[in-house]
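Undergrad: Taking the hints as your guide, dock the two standalone chains into a single complex.
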Amino acid sequence: MPIPSRHRGFLHPIPSDITPRAVYEERRELLRLMAAGAAGAALAAWAGREAWAQVQRPGKLAALPGTPSAVAGAATMEKPTSYQDASSYNNFYEFGTDKADPARNAHTLKPDPWTVEIEGLVKKPGKYALEDLLRLSAQEERIYRLRCVEGWSMVIPWVGYSLAELVRRVEPLGSAKYVEFVTLADKARMPYIGSRVLDWPYVEGLRLDEALHPLTLLAFGMYGEVLPNQNGAPVRLVVPWKYGFKSAKSIVKIRFTEKEPATAWNKAAPQEYGFYSNVNPQVDHPRWSQATERRIGEDGLFAKKRKTLMFNGYEAQVGQLYSGMDLRKFF
Amino acid sequence: MNPLLLHRAAKPVVFGLALLPLAWLVWAAATNQLGANPAEALIRSLGDWTLRMLCLVLAVTPLRVQTGTSALARFRRMLGLFVFFYALLHLLSYAGFDMGLDAAEIARDIAKRPFILVGMLAFGLLVLLAATSLDRAIRWLGGKRWRALHRAVYAVAVLAVLHFYWMRAGKNDFAEVWAYGAILAALLGWRVWHHALQRTGSAAREGPLKARRLL
Chain A
0 MPIPSRHRGF LHPIPSDITP RAVYEERREL LRLMAAGAAG AALAAWAGRE
50 AWAQVQRPGK LAALPGTPSA VAGAATMEKP TSYQDASSYN NFYEFGTDKA
100 DPARNAHTLK PDPWTVEIEG LVKKPGKYAL EDLLRLSAQE ERIYRLRCVE
150 GWSMVIPWVG YSLAELVRRV EPLGSAKYVE FVTLADKARM PYIGSRVLDW
200 PYVEGLRLDE ALHPLTLLAF GMYGEVLPNQ NGAPVRLVVP WKYGFKSAKS
250 IVKIRFTEKE PATAWNKAAP QEYGFYSNVN PQVDHPRWSQ ATERRIGEDG
300 LFAKKRKTLM FNGYEAQVGQ LYSGMDLRKF F
Chain B
0 MNPLLLHRAA KPVVFGLALL PLAWLVWAAA TNQLGANPAE ALIRSLGDWT
50 LRMLCLVLAV TPLRVQTGTS ALARFRRMLG LFVFFYALLH LLSYAGFDMG
100 LDAAEIARDI AKRPFILVGM LAFGLLVLLA ATSLDRAIRW LGGKRWRALH
150 RAVYAVAVLA VLHFYWMRAG KNDFAEVWAY GAILAALLGW RVWHHALQRT
200 GSAAREGPLK ARRLL
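Protein chains in written order, with numbering that gives the first Met the number 0: chain A, 0 to 330; chain B, 0 to 214.
Incorrect hints may have been included.
Said to hold, decoys possible - Calculated pairs, SDA-like style, for lysine to any residue (alpha carbon to alpha carbon, straight line, at most 20 Å):
1. B/Lys170 <-> A/Lys303
2. B/Lys170 <-> A/Val148
3. A/Lys98 <-> B/Trp165
4. B/Lys111 <-> A/Phe330
5. B/Lys143 <-> B/Leu128
6. B/Lys111 <-> A/Asp283
7. A/Lys126 <-> A/Glu116
8. B/Lys170 <-> A/Ile117
9. A/Lys266 <-> A/Ala184
10. B/Lys111 <-> A/His284
11. A/Lys98 <-> B/Ala174
12. A/Lys258 <-> A/Ile117
13. B/Lys111 <-> A/Gln281
14. B/Lys170 <-> A/Gly273
15. A/Lys98 <-> B/Ala27
16. A/Lys306 <-> B/Met98
17. A/Lys266 <-> B/Phe173
18. A/Lys303 <-> B/Leu91
19. A/Lys98 <-> B/Met166
20. B/Lys170 <-> A/Tyr191
21. A/Lys266 <-> B/Gly169
22. A/Lys303 <-> B/Arg43
Calculated directly from the structure, the hints in this document are not laboratory data.
Isolated chain B, as found in the complex (with noise of 0.2 Å):
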């Protein structure tokens, strides 16, 4: 697997992957596919999206060493900016359709609605860390303390649950709250079991806390 991820064309195909289903949602807007109310099917799939590409690059620490495929750590950076990507569409295209790009408008929104509320708190963490993503960054804040403001990926995730979790609370309507949820729990979890696991192991062996940094 490792030589696979290595290859020159690895990074470009990724890169055109990740960008494939907003390719088909500006397709079916342009050839009237998305049902009677487009502007609500592009608001919600981009979001769907953003949930989807948060799964992805969380998922990628718990591969690549449970398979040991270090080669999965080139794509980590890539896949977390396209989670920015996709939660700036999904923003852009609520404050386009739904709220005429009226500040005052989203304003109130934000004091009004708890979950855009959780959803703009989410998307301040995405900033900070999309804005912070360069290697200048890194050696501008130092590993250390890039690793730590780079943890508030896992806030993002909690917020952006709890954010579909009061979308869908008006309709009871809680299945694919769930799936999200058990999915983000599950990589959350493996992080806490590893980190508990790599500290038995170290404290056994008295050595430094070396696989730490992984994380």
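Isolated chain A, as found in the complex (with noise of 0.2 Å):
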């Protein structure tokens, strides 16, 4: 084959050797589909991704919209749990203890007006009504995991702020180390208040470090719109790598401490539930695995249970917070 110069130009001896006009363009076209098609397939999925970034609103309760979170792992691209789902399997003993109850029964708990005592070791404690921490930072949309202590789990798309915007704000004291959180515990509100299932009121809590990582939320709504009661409105917490329960709902204060909280499940069953509650497929519960959770709404009934992640799939983000700690003893 002769070696075109740069002076000649291509050299084409024989006719043969030349591509008809016809027979190029028609390459050059379908090239051009090809190019096309390739990119609308990547814009559908960019456009599938944006569809379940902004969850449709279910058309309950007031909006409140949040914009999708820049937050390290605060989007997962999983599907989300319908909001039928999220709404009305719960647990909030407050309200009763079958998963039915709270959204039967938490129609009584008013979640407006509210305010959350910020109490304890930090240099500006106070009384924040919720519409100024509703002000506070930028609403954000988080679509977290939540795995259950009971073995299942689904995927919400939470609107809310990171902890720390408000943790900083109140300028915690060098000896705070721990951070405690209050439910509201108001028998003419909460019917099961008076039960004897849990010591009241639920009292969860965090080390100050959790707290402040920002994949832990300060939510106020779900689905873009304000939590439902049943949900933990007006105002919760969502620490996405621990059990659902240690993300305490409704709440009213906010305590800084030097020594660990007593948490309410710690101090029903302390053998059963420890204050870390990180989600740990390798530690068992005393009395069942942890190994495998059933996605609510999506693995059908005789699907197998899929395999449960280690802190629910958030530990590029927070397994850092636990390195050279013993986590079967810190359960």
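TA: Spelled out as structure tokens, the structure:
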């Protein structure tokens, strides 16, 4: 084959070497179509992602929009659980112990007006009205996996902001090591306060560094609307790498302490529910395995349960919080 | 009451009624009415119905003796077999929906959870009772031995309540456990009381302990 020189251009001694115009034009058309098709597929995936991020509003409660969060790990691509399931299958013992009880009974909660008291080891203790808390930082949409200690899971698009925003504003003292979250315990609004299932009020807690982790969410809404009462209106915690019960609902008090708070389930059954309660498929609950989970609304009756992920799939983000810790001992 | 219970249609009617809970569950599962976690709802409902059937079958003899409705005895075997039937469905749904029919997984679960072990023990006894429920088994074992064997249903009652108690223990939620426990305790307590009564009664008469056989 002759090597074309820069001066003479391409030499085509035999006419059959030349590609007919019709053929090469057809090739170009094919390439154009392929490129368009490929781009189309890519765009479709992108559009799909957007569709997930902008979860459809159920149209039941007041809108509370949030912009997609930029925090790493804050937007799982998994399909969100239906609003119907997420708002009718709840553990909120102040309204009854059956999963359907909270949706039935929580209409008496009255989430407005509401104040959250900040107390303990902070420079700026005080009472925050709900309106002020709502405005404290920009509302973000975060799609988190939620893994219940009982072995089921959901995917929920929450609306809120990092708890760290609030913590920084109240300026914890150097002696503050833990944060305690106290749920409302009002007999008049919560029919099961007075039952002996738990020691009321419901108290949960985090280590200060856990509370400051950007994934730790102070949530005010879900599915683009304010929280339904049964999901912990008007303000709750969401800690996606821990079992669901760590995420206290309907919070009235946030207290900064030096000692590890005595948390509700830990008090009720210390050998079963540890203070940390990080999702961990390797550390079983004393009475059942934590290796697998059933995704509500996704996995059919006969589907095998899916594997539970370390730190509920947030190991990359939160693993370093526990480096060097024996997670079997500190379960 | 007796003529009604002796009616030709009485047994088929009771049979049909005892199948209604299952029919409802199948229909609810098919029409998506079991809530967000249908597997859990099915497993638990079938367990509840096993307990209810157990209460029913253990109520047959006290009711029959106290009210003198001898025809009630016709339904005892059928109701007993329905206890076994609902227990079997309860176990199958647990094995299928929760354990993915994985035998090794189930074995691990039995070792891990005392309440599963207790449930399995109760089911083992029920298998024994169901297998010896035929007339032929009664003839083969002889009435006396057969009756002794079938007193194992009292152990099933105790194990079933313990199974339920342990299952609810994690949530300190015992209201329903006490309800079933109280019903079953009353039904077993009646037997103890009746037995003692028969003994003193027959001792006074110096007669044979005929009435014991009715238990």
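Undergrad: The structure should be examined with respect to each hint, and the outcome stated for every one.
TA: Structure-based check of each hint:
Of the pairs offered as hints, the one joining B/Lys170 and A/Lys303 is violated, with about 26 Å between alpha carbons and a cut-off of 20 Å exceeded. The hinted pair formed by B/Lys170 and A/Val148 meets the criterion: a straight-line CA distance of about 12 Å does not exceed 20 Å. Distance hint between A/Lys98 and B/Trp165 is fulfilled; the C-alpha atoms sit about 19 Å from each other, no more than 20 Å. With a CA separation close to 18 Å, the supplied pair B/Lys111 and A/Phe330 stays within the 20 Å bound.
Taking the CA atoms of B/Lys143 and B/Leu128, the gap is near 15 Å; set against the 20 Å cutoff, the hint holds. Restraint check for B/Lys111 and A/Asp283: satisfied, since their Cα atoms lie roughly 10 Å apart, inside the 20 Å limit. Among the hinted pairs, A/Lys126 with A/Glu116 is consistent with the structure: their alpha-carbon atoms are about 4 Å apart, no more than 20 Å. Pair hint B/Lys170 plus A/Ile117 does not hold up; C-alpha atoms about 30 Å apart against a cutoff of 20 Å.
Our distance criterion of 20 Å between C-alpha atoms is met by A/Lys266 and A/Ala184, whose separation comes to about 17 Å. Distance restraint check for B/Lys111 and A/His284: the Cα-Cα separation of roughly 10 Å lies within the 20 Å cut-off, and the hinted pair is therefore satisfied. At roughly 16 Å between alpha-carbon atoms, A/Lys98 and B/Ala174 fall within 20 Å of each other, so this suggested pair holds. As the CA atoms of A/Lys258 and A/Ile117 are separated by approximately 17 Å, the hinted pair is consistent with the 20 Å bound.
Among the hinted pairs, B/Lys111 with A/Gln281 is consistent with the structure: their alpha-carbon atoms are about 14 Å apart, no more than 20 Å. About 15 Å separates the Cα atoms of B/Lys170 and A/Gly273, which keeps this hinted pair within 20 Å; it holds. Proximity of A/Lys98 to B/Ala27 is assessed by CA-CA distance (about 17 Å); at most 20 Å being required, the pair is judged to hold. Between A/Lys306 and B/Met98 the CA atoms are separated by roughly 13 Å; this keeps the pair inside 20 Å, and the hint holds.
For the suggested pair A/Lys266 and B/Phe173, the alpha carbons sit about 18 Å apart, so the restraint of at most 20 Å is met. Of the pairs offered as hints, the one joining A/Lys303 and B/Leu91 holds, with about 15 Å between alpha carbons and a cut-off of 20 Å not exceeded. Annotation: proposed proximity of A/Lys98 to B/Met166 holds, straight-line Cα distance about 16 Å (limit 20 Å). Our distance criterion of 20 Å between C-alpha atoms is met by B/Lys170 and A/Tyr191, whose separation comes to about 14 Å.
Straight-line distance between C-alpha atoms of A/Lys266 and B/Gly169 comes to about 12 Å, which keeps the hinted pair within the 20 Å bound. A distance of roughly 19 Å separates the Cα atoms of A/Lys303 and B/Arg43; the hinted pair therefore holds under the 20 Å criterion.
The structure is inconsistent with the numbered hints 1 and 8, although it conforms to all the rest.
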